[in-house]
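Chemist: Here are the chains, one letter per residue:
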Amino acid sequence: MKTEKNTNPQNFSVPQATAPGDGDTLFFAGIMYTGNNQLLHNTLNSVFRQKAPGIKPEVYIFHAAQHVPAIDAVIKVRLVSFQNEGDFFSKYTDTVNQSAAQYCVTLRSGEEFFDGAFDSVEKIFSKHAQVNWLTGIQTFKAKEGFNITLGTTAMRRWSYKIYERNLYKNSGRYIPPASTFWRKSVWSSIASELHFVSPSDFCEDLWLAFFKTQKLYTCKAYFSSSVSHEKLNAQTFKTPNSFYLVEDHWLGKLKEFFFINNIPYLRLFYRNEIELSPLIRFDYETQSYYLSEY
Amino acid sequence: MHYPKISIVTISFNSAQYIEDMILSILDQGYPNLEYIIVDGGSTDGTVDIIEKYKHKLTVFICEPDKGPADALNKGFKRATGEIMGWLNTDDRLHTKSLFAIAGIFNSLPDVSWVMGFPTWFNAQGTCLNEIHYNPAKRYYLPQYIGDNLHLKFARWSKWRFAMGDFSAIQQESVFWRRSLWEKAGGHIKEEFLAFDLELWTRFFEHAQLYTAQVLVGGFRVHGNQLSFNQQQRYKEESRKVIDTFRNRLFRQTFGYTMRSILARATKPFYYYETPVLKKIYPALLDLPPHIVYDLSTNSFSVSEK
Numbered sequence: 003m004k005t006e007k008n009t010n011p012q013n014f015s016v017p018q019a020t021a022p023g024d025g026d027t028l029f030f031a032g033i034m035y036t037g038n039n040q041l042l043h044n045t046l047n048s049v050f051r052q053k054a055p056g057i058k059p060e061v062y063i064f065h066a067a068q069h070v071p072a073i074d075a076v077i078k079v080r081l082v083s084f085q086n087e088g089d090f091f092s093k094y095t096d097t098v099n100q101s102a103a104q105y106c107v108t109l110r111s112g113e114e115f116f117d118g119a120f121d122s123v124e125k126i127f128s129k130h131a132q133v134n135w136l137t138g139i140q141t142f143k144a145k146e147g148f149n150i151t152l153g154t155t156a157m158r159r160w161s162y163k164i165y166e167r168n169l170y171k172n173s174g175r176y177i178p179p180a181s182t183f184w185r186k187s188v189w190s191s192i193a194s195e196l197h198f199v200s201p202s203d204f205c206e207d208l209w210l211a212f213f214k215t216q217k218l219y220t221c222k223a224y225f226s227s228s229v230s231h232e233k234l235n236a237q238t239f240k241t242p243n244s245f246y247l248v249e250d251h252w253l254g255k256l257k258e259f260f261f262i263n264n265i266p267y268l269r270l271f272y273r274n275e276i277e278l279s280p281l282i283r284f285d286y287e288t289q290s291y292y293l294s295e296y
Numbered sequence: 017m018h019y020p021k022i023s024i025v026t027i028s029f030n031s032a033q034y035i036e037d038m039i040l041s042i043l044d045q046g047y048p049n050l051e052y053i054i055v056d057g058g059s060t061d062g063t064v065d066i067i068e069k070y071k072h073k074l075t076v077f078i079c080e081p082d083k084g085p086a087d088a089l090n091k092g093f094k095r096a097t098g099e100i101m102g103w104l105n106t107d108d109r110l111h112t113k114s115l116f117a118i119a120g121i122f123n124s125l126p127d128v129s130w131v132m133g134f135p136t137w138f139n140a141q142g143t144c145l146n147e148i149h150y151n152p153a154k155r156y157y158l159p160q161y162i163g164d165n166l167h168l169k170f171a172r173w174s175k176w177r178f179a180m181g182d183f184s185a186i187q188q189e190s191v192f193w194r195r196s197l198w199e200k201a202g203g204h205i206k207e208e209f210l211a212f213d214l215e216l217w218t219r220f221f222e223h224a225q226l227y228t229a230q231v232l233v234g235g236f237r238v239h240g241n242q243l244s245f246n247q248q249q250r251y252k253e254e255s256r257k258v259i260d261t262f263r264n265r266l267f268r269q270t271f272g273y274t275m276r277s278i279l280a281r282a283t284k285p286f287y288y289y290e291t292p293v294l295k296k297i298y299p300a301l302l303d304l305p306p307h308i309v310y311d312l313s314t315n316s317f318s319v320s321e322k
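Heads up: the sequence lines are chains A and B, in that order. Heads up: the first sequence begins at 3 in the numbering used here, then just goes up one per residue. Heads up: the second sequence begins at 17 in the numbering used here, then just goes up one per residue.
Same shape as in the complex, but just chain A (with noise of 0.2 angstroms):
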């Protein structure tokens, strides 16, 4: 039985969030807690510094009831307490049923958001009523704190056909939880048919479940960096253009190899046949983003 200790306050000293208003936009960012208090709260700080008018983040964080991670009294986070994993799921999904949040993210202690993520995300939602879910440009975060990237945008362009042979191909391609947002009102669609299956994959679960109503768009914008996650080895990270043909039959490869190294008009069959979503790209001259069939 272990509880964390805030040996090193000054350390922790997160921005005050405000109570939200009339109006206001709630996000509600799930953080599982992974047993480092340092990782936590560096994670706090990308919620807290999320500077936009009327954009307030409402924060749960999961963590084992063994495991109690030690929070300033001045931060406004909510602590969910769970004591396994069947536990953990109805903990989660009554946690986000009882949101008053508009958009959602889930993420694990450790990973950050860039500054503008949820600022863009707002737009994005507001803007285009066909998006219901989004993701963004996946970095990955250093021991040291750097985010580095890695791959192409083709990469990270996902539909239900792509996602499906990904799962059980295990291909070491995955969607990011912290860079990938919902609508609250997607989850409440699906909550009564979701099954969680896995705790350390519960998103995979979830992103199934979305994708069998929703199309998942992807924007052209850093959103948050993840930290390495298992399934990706060293090698893996050397090889980048190696990683994500997961087509079987070679004229799938072909096709599959024609879309990610953008040959022109060849690369749209593949683009066609598994139905790809329209990017969000962003206008600098008007300060909008708008849908690409790129």
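Do not rely on the hints blindly, as some may be mistaken.
[What the hints assert, rightly or not] Think about it this way: if two alpha-carbon atoms lie no more than 20 angstroms apart in a straight line, the pair counts; the simulated PhoX-like pairs of lysine-lysine are:
1. A:Lys255 / A:Lys58
2. B:Lys113 / B:Lys73
3. A:Lys222 / A:Lys125
4. B:Lys295 / A:Lys255
5. B:Lys200 / B:Lys83
6. B:Lys113 / A:Lys145
[To be verified] Over the 12 angstroms line for every Cβ pair with chain A, so calculated as not near, a few chain B residues:
7. Lys83
8. Ser114
9. Gly181
10. Arg195
11. Phe209
12. Glu222
13. Leu279
14. Ala282
15. Pro299
Treat the hints as calculated values from the structure; they're not laboratory data. Ideal Cβ placement from N, Cα and C applies to all residues, glycine included.
Based on the hints, put chain B in the right spot on chain A.
Modeler: Chain B in isolation, oriented as in the chain A frame:
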């Protein structure tokens, strides 16, 4: 880990809108051996008040009229004593802990004399974006720049490629170099150019290859009021002159330049589109350096031809 002294120079003139964000992007990193120098040209819009808030964390703060940005940079770099050097404009910003990445690269790769991070951009609100605006009707940049899988291939230079003009821009916000290279290249910015950054790169290229790392180092904020946007035509003309001069210098140095550039143009699509075997011709012709990659399992930098 050894933390080499990193000197960063910022020049400002009436830059109140973004300067605090930029300063914090450097200071909040907590890099233990930072030498931060700000040179203000006599701002009157509150910029100086903002800088004063952080004066106790600056190594040098100069506030006096100057003859332009290059002159101000020279004032700053004359005071710099770091082993690693770079500059950051007031609109732009560094990414989280990027100075630790720069230290790691220069520590572990002694052959690297200057390095650029993975290019990124910020919008006016500070969101970090993966591409520069591309609107077919208003071409700010070449379309290749946003061809996402070409991104890293595009951000790969050698003096040959630079001289051929087959580039958009080396992202200055993401570039850091060793003092030894700065000294070999003359140790100053040439004040007669508006495109003084490009001119400096040509001198760097004479002595060392530019490596690109898959690390987010810095980003360029696109808000429309940049000096390079306001004087876009003049900047472009000057850039062309700088590149032409550099090309002529290379041409005099070697008769192979013309043949090399013709072959390179012909084989570029093979490189961009990953044609097996043939894709190796273009980087070989232009002597493109390998990328710097980071291995998350060993927490170390290395170079990779991939």
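Chemist: Now tell me if each hint is right for this structure.
Modeler: Now for the hints, and whether the structure bears them out:
1. A:Lys255 / A:Lys58: violated (45 angstroms)
2. B:Lys113 / B:Lys73: Roughly 17 angstroms separates the two Cα atoms, so the pair holds.
3. A:Lys222 / A:Lys125: holds (14 angstroms)
4. B:Lys295 / A:Lys255: holds (19 angstroms)
5. B:Lys200 / B:Lys83: This hinted pair is violated, its Cα atoms lying about 25 angstroms apart.
6. B:Lys113 / A:Lys145: Holds: lysine 113 of chain B and lysine 145 of chain A sit about 10 angstroms apart, inside 20 angstroms.
7. Lys83: Nearest chain A Cβ is 31 angstroms from lysine 83 of chain B, so the label holds.
8. Ser114: violated (5 angstroms)
9. Gly181: Holds, since 22 angstroms exceeds 12 angstroms.
10. Arg195: Correct as stated: the minimum Cβ-Cβ distance to chain A is 22 angstroms, above 12 angstroms.
11. Phe209: holds (26 angstroms)
12. Glu222: Non-interface label stands for glutamate 222 of chain B: nearest chain A Cβ at 30 angstroms, farther than 12 angstroms.
13. Leu279: holds (21 angstroms)
14. Ala282: Given a closest Cβ separation of 17 angstroms, the condition holds.
15. Pro299: holds (15 angstroms)
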